[in-house]
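A.B. asks: Sequence:
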Amino acid sequence: MVECCCSREVRVKIVLGYSALSTLMHVSAAVVFGVKFQLYTVAMWAAIGALYALSVAFLHFLALRNQLRPNPNSIVIQLLPAILLCAVLGMIFSLGVTVYGLAKAISLKEDLVLSSHYILSVWGFLCLKWSYYLFQQSRHYTRFITLIVRTLLPSLFRRSYLKRRRL
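Residue 120 in my numbering sits at position 44 of the sequence shown, and the numbers go up by one each step.
The hints are simulated quantities; they were obtained by calculation from the structure and are not laboratory data. Heads up, some of the hints might be wrong.
As the list claims (entries may be wrong) - Restricting the straight-line Cα-Cα distance to at most 27 Å, the calculated cross-link-like pairs of lysine-lysine (BS3-like) are:
#1 Lys89 <-> Lys185
#2 Lys180 <-> Lys89
#3 Lys112 <-> Lys89
#4 Lys112 <-> Lys180
#5 Lys205 <-> Lys89
Sequences are here, hints too, so could you generate the full structure?
C.D. replies: Dropping the structure here:
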């Protein structure tokens with residue numbers, strides 16, 4: 077495995093900055109495609125991609141602040157399986173939009189212009205990228221929390237069991 081030259085915290089900050097910048101780009105693209113060019117489908121997929129990029133940024137922000145620790149009262153910890161499901165659904169729909177856009181553009185023999193289906197497939201692919209990255213990161217944090225819980229909880233139960241046994 078290749079070692080990275082920077083620490084985990086620096087990598088998380090880089091990904092946090094990249095996903096925040098990508099969120100701003102997706103939002104601006106959604107506004108331009110929706111308002112100026114009246115391509116509402118492309119604008120919708122740009123906005124969905126912005127939501128996925130913002131979710132990735134939020135997960136990395138929480139990881140940077142060490143708030144992704146096993147805490148049963150934490151709402152984010154309880155929502156990680158739902159985030160995982162949303163990421164999987166986003167991958168499926170984004171892949172469908174990408175394939176649909178390419179197939180439609182090829183079947184109609186469209187040129188590469190602003191109103192072609194190629195633009196829709198590009199934004200579908202960008203949404204696929206961010207939904208896959210959200211899936212990957214939420215799965216990583218879910219496994220991390222599960223690992224901590226599985227190592228801590230048996231020792232906690234053993235101690236309480238031994239205390240009850242001595243009484």
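A.B. asks: It remains to establish, for every hint, whether it holds in the given structure.
C.D. replies: Results for each hint:
For the hint pairing Lys89 with Lys185, the CA-to-CA distance comes to about 43 Å; that exceeds 27 Å, so the pair is violated. Taking the CA atoms of Lys180 and Lys89, the gap is near 39 Å; set against the 27 Å cutoff, the hint is violated. About 34 Å separates the Cα atoms of Lys112 and Lys89, which puts this hinted pair outside 27 Å; it is violated. Note on Lys112 and Lys180: the hinted pairing holds, with a Cα-Cα distance of about 23 Å set against a maximum of 27 Å.
A C-alpha spacing of about 19 Å is found between Lys205 and Lys89, which places the hinted pair at or below 27 Å, so the restraint holds.
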